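Use the sequences and the hints to build the structure in full.
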Amino acid sequence: MLHTLHVSTRSRAELVDITAQVQDMVRSSEVSEGICLVYVPHTTAGVTINEGADPDVRRDILEQLERLVPKDGRYHHLEGNADAHIKASLLGSSVLVPISDGRLSLGTWQAIFLAEFDGPRSRKVLVQVMGG
Amino acid sequence: MLHTLHVSTRSRAELVDITAQVQDMVRSSEVSEGICLVYVPHTTAGVTINEGADPDVRRDILEQLERLVPKDGRYHHLEGNADAHIKASLLGSSVLVPISDGRLSLGTWQAIFLAEFDGPRSRKVLVQVMGG
Amino acid sequence: MLHTLHVSTRSRAELVDITAQVQDMVRSSEVSEGICLVYVPHTTAGVTINEGADPDVRRDILEQLERLVPKDGRYHHLEGNADAHIKASLLGSSVLVPISDGRLSLGTWQAIFLAEFDGPRSRKVLVQVMGG
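As given, the protein sequences belong to chains S, X and Z, one line each in that order.
Residue numbers are given in my numbering: position 102 of the first sequence equals residue 102, and the series is strictly consecutive.
Residue numbers are given in my numbering: position 4 of the second sequence equals residue 1004, and the series is strictly consecutive.
Residue numbers are given in my numbering: position 118 of the third sequence equals residue 2118, and the series is strictly consecutive.
Certain hints may be false.
Said to hold, decoys possible - List time: in silico DSS-like cross-link candidates among lysine-lysine, alpha-carbon distance up to 30 Å: (1) S:71 x S:124; (2) Z:2071 x X:1071; (3) S:71 x Z:2071.
Source of the hints: derived by calculation from the structure; they are not laboratory data.
Source: prediction; values computed, not measured.
Take a look at the structure:
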């Protein structure tokens, strides 16, 4: 079943840890072995998996993306968020995590982040659990 | 079942909207709840999800990728398309979209694009629909 | 069933071809039609699909990523591997490949690579085969 998670972001660019909410959805699905798709139905936000322990890792990811794709670069799209669209495509709109013994098989340091690039906004994240 | 979509690209770099064709394959699969894998079996093309309404978004994505990975950069691969290989890895070779009520659960502004980086060429896109 | 592949990397940055091992896991799963998820449970390594024939393609991918996200850039994370975290998010922590007739539906030139960005290390790759 397709579940929807609601996330309110607070900055223009931000990585929001949604691991616990996704884990809850996997648990309530009662799927023991399978895969979990985390999907962002937006075009100026994405999703990524990276280190959850040190918040500096999140900061580095966002700052380096900003160096590579600056907000005030030369773009044609007139809404002032062309960089956000490009960053969303670089990270991607989904991540997949294997499920084993009814839990996400994340590595020790891994967390799942909604990647906001044009906030603050109300965002949705779709979670589809497949398996048996 | 694995379906094949044939796409003829017309430029060296181009984002081709394939949403309608993928949606048709989902419909004909009669899967009501599940996931749809869109897979590009090439190494100088990729696939991405982004805004379909304003063609300037596509243009901005391609132009910024060209600034980050210029065609005439310093590369070892001798076929003149090293940049295309690198761009393909940055976007990725697949996207996944949840299926609900027999339809792709795309966001309002989302479209699925074949990302051509070494065209014009005849490309294949594989579509695998999973679920029940 | 979730399978684990062990890979020893030998350099700080390296693309290790794991196609044959993943193909073996697909074969032993006896799944004829479905999808194969290749998942890296690390935050300074990723996974990508690209050309396997010419090793220069791998070299170009790694060198261009190093130009875009240099090891000695301006970062906050203090472990000396901030660049590796960022590169991992750019490539992503998983790839998916369709399975048809019991085999990975890779394109002629495609290979699956573990992308090491903070080696040498012992890495794990999780492989989940879904289908019937």
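Evaluated hints:
no.: 1; hint: S:71 x S:124; in the structure: holds (23 Å)
no.: 2; hint: Z:2071 x X:1071; in the structure: holds (23 Å)
no.: 3; hint: S:71 x Z:2071; in the structure: holds (23 Å)
The structure meets every hint from the earlier list without exception.
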